[in-house]
Amino acid sequence: MAGQISETIKKKLKEILNDPQGESDEYKIAIELLEKTEKNDKLTKASQVKKEFQLLADQYFSYKENNDE
Amino acid sequence: MSDDIRLLSVEIQNYRQYYGNHKLNFASREEGFTVIMGKNGEGKSNLLNAINWCLYQEEPHGMGDDDNEHESDNKSLSIINNRYIKDTKPETRADLKVDIWIQKGDTVYSITRTMGILKHELEEKTLNSGKKVVLLKDDPMGFRIPKGCERLEAPFSNFVVTKKGPHDTDFSDTIRWATPENQVKDILPQSLSKYFLLDGEFLEAFWKKSKNIKEGIEQISQLHLITGALKNIQTHMMIPSKGFSKDTDDMTNKIREFDRFENSRDKDGNESWTDDPRYKNDPSLEETYYHSTGQPRIDDIDEDIEKISDKKQKISQEIKSSGFGAKESLKEQYAKLEAELEELETTVNSTSDTFVYNLIKKGPQIMLKNAIKKSVDVIDKEIRGGGLPVKYKKLFADSLLESKLCVCHEILEPGHERTQHVIDFKDSLVGKEENDDVALLADDYKRFFLHNIDEFSKKYFIDPRKSLADATEKFEKLDQEFTIVKEKLKKSGGKDADELINEQAYLEELSKKLYELKLTATSDLKTSNKNRGEQQNELNKALDKNKKAAKVLHQLKKWDEIANTFQKAYDELKDEIRQGVRDTTWKNYKNLLANDSEFTSFDIEPDYTVFLLDKDNFNKARNLSAGQSLLLTLAFVAAIRGPTGYKFPLIVDSPAGKVDGPNTHNIGKCLPDFLPDAQLTLLATNKEYTDYISPDPDYPKMPNTPVCKLFEEKINVQHFKIQKDKNPDSENVGNSSIMLGKLVFQDGTEEKRGWMVVADE
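Respectively, the protein sequence lines represent chains A and B. Heads up: the first sequence begins at 1 in this note's numbering, then just goes up one per residue. Heads up: the second sequence begins at 70 in this note's numbering, then just goes up one per residue.
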């Protein structure tokens, strides 16, 4: 499904995240979330959506014990 | 959807008029437009249906009126070609098939739908004329097939999508990655088909549904993905799992309750309904009910308001064209006033909303004027006494350190006590920047309120009140006029007129009731969402204090950041795209309209309500004639391509079927300009494409150049000709073929003289 999100949206996200190259984790996860949303439909179970989103969260912003944030 | 999508070809086999195999290769955008010429009934609309049937298993065009079955409607004809099914031997299989090749980016997709039919003995009946016709029945999918045939299941009936990438040597099945339906959804989703598979004969109702505008903008530009992802984050990811403390568990429960309210769900997650039956314009339909709460309830109400409005317009048209004994002018006056009143009612409602909103939001400011003034004076005094905004204090300290000169004109030497004082002063300012907000707020109050009380009152109270009073006065005046016309019509039109007018009045009341219900539902939802937000903040604060919840809180904060990013992206993109589409649609429409002073302005509001104002400031968006609606739709469809960035192919059936000569001329002149990068296919009759444009006394200077020659000035056109079989025994609309065509000038007698598309044999 990669490459399905419109250039207009990608450009806007890069602009908001101040990431012209689209290299940040924030940009990457935003695009993946949109792609997951496009793939799913109204019949997709909430538990599946939650699981897919959680996997992305663990991948992109996993928590470390001494996390500064 | 970032890749351009291009239709390569369509191959039709034994589908409706098309006996045998017929293939059509579409011209690419670089090659120009594709124009397919054919007479009425020869199969133009069924070519569009073949594409729809192949992609979505639907045939939306030429299905006729539900109440009247005409011989020329598809529902009185078999989906499988009559000649072919007659030729097929009993107890053998007959296939109809449509295969579409589409290119998306570098990949070519072949989408094939096949319907296998087993023929037994056909059932026929003899008409009075002695002619025999095959009787029809519905197959399990609702398509008409001959009686005495049965539709076969898979593998004889099937839907297959194969694809070939730039490095593949052959096509391969795609079922490993997704179902064929999902593959098609990725390439040309059905929800958007109304924007690229257009039937000019049926665009009259396009502007009556604001949903068409919202979906056109939000779905084509994929804004719905942002709101969908945002909703998923808010519903599933921003509510932590329970088990940290009783307090946080209670808060989580409350948040889930707010979410159930928003989505009209009960505790078990099932949809929740009221006992209140919904409006139905057809008594034979099953009873349905309104959702209990939240957005689903608002959507139900909106849908019913639109249905009622459509029904009211139908009744107005019925009164206008009815045979009952009232004068024609009276009937016309009734229909006109009814439409104007409906528009005016919308204006009264919106001006009233604005006025009330301002009273609630800005009224307290007027009442607290003295208190605000005192507060501003205190802040002013502070600033005058040296309490500069923090950012200026910082600048001041920086400039002293940079110039190495103190305010007392002593040198600021490094390490000196005096210098350290300045550095300490600068450091003491860190974290106090928010004090500047107070100064800014005071400044705003001074400039926009205290120093301009008259302007403030005019903007928020006097002008809106005047607009409301004007609209109400206009409405009441028109309503009185309408009552008189109504009474006259009742008297002269007898029982039939009485019934129609009473139904109108009933619908009017129902519509008012629904507006009130919508207002309550919207207000309840806003309150619920506000409370949810507060609860979420409380929960986050509580989790912040709980060490066990550190990981959860870390992710909650991240989700909150992403949600904010999505919200910002949605808000900004929606405004940019909506305004872009609005401006281009209006520009296109003015170019298309022969009489460009007929309308004075066009707007698409943030809630996607459309305003197309005429000279008297009546909004005509929902009361356009068939021709006006078609032109506005063409203008809109051309406009949504740019700002949304979605480059889809466009097929338009009967592009000028409902418009008069001058507007047909404008279509010919403007389409190549409006769609500079679109792959456009037109299905047209000779009247729309090759005939000289009929003169119009209102536009004596309008040239009569046919559309084909207007196109030729700007773009290449690849022609096809649908040719009907000359066999007199052919069933009804005959057996048609699609042939490559060419544009020629026939220099015959005066009647036959002119341009035409002929088969290029």
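Calculated from the structure, these hints are not laboratory results. Be aware that a few hints might be false.
[Claimed, not checked] Okay, the calculated bits of chain B under chain A, using three or more residues with CB under 8 Å as the criterion:
id	segment
1	114-120
2	567-574
[Unchecked claim] No farther apart than 30 Å at their CA atoms in a straight line, the calculated lysine-lysine pairs in the DSBU-like style are these:
id	chain 1	residue 1	chain 2	residue 2
3	A	Lys12	B	Lys383
4	A	Lys14	B	Lys620
5	A	Lys45	B	Lys311
6	B	Lys463	A	Lys39
7	B	Lys383	B	Lys543
8	B	Lys300	B	Lys501
9	B	Lys595	B	Lys108
10	B	Lys254	A	Lys39
11	A	Lys28	B	Lys383
12	A	Lys10	B	Lys283
13	B	Lys263	B	Lys610
14	B	Lys756	B	Lys311
15	B	Lys463	A	Lys28
16	B	Lys620	A	Lys51
17	A	Lys12	A	Lys39
18	B	Lys300	A	Lys28
19	B	Lys450	B	Lys463
20	B	Lys555	B	Lys323
Glycine is no exception: its CB is placed at the ideal position from the N, C-alpha and C atoms.
Cross-check of the supplied hints:
no. : hint                : verdict
1   : 114-120             : violated (count 0)
2   : 567-574             : violated (count 0)
3   : A:Lys12 - B:Lys383  : violated, 44 Å
4   : A:Lys14 - B:Lys620  : holds, 27 Å
5   : A:Lys45 - B:Lys311  : holds, 21 Å
6   : B:Lys463 - A:Lys39  : violated, 51 Å
7   : B:Lys383 - B:Lys543 : holds, 24 Å
8   : B:Lys300 - B:Lys501 : violated, 36 Å
9   : B:Lys595 - B:Lys108 : violated, 55 Å
10  : B:Lys254 - A:Lys39  : holds, 9 Å
11  : A:Lys28 - B:Lys383  : violated, 51 Å
12  : A:Lys10 - B:Lys283  : holds, 21 Å
13  : B:Lys263 - B:Lys610 : violated, 48 Å
14  : B:Lys756 - B:Lys311 : violated, 70 Å
15  : B:Lys463 - A:Lys28  : violated, 38 Å
16  : B:Lys620 - A:Lys51  : holds, 17 Å
17  : A:Lys12 - A:Lys39   : holds, 21 Å
18  : B:Lys300 - A:Lys28  : holds, 19 Å
19  : B:Lys450 - B:Lys463 : holds, 20 Å
20  : B:Lys555 - B:Lys323 : violated, 53 Å
When each numbered hint is compared with the structure, violations occur for hints 1, 2, 3, 6, 8, 9, 11, 13, 14, 15, 20.
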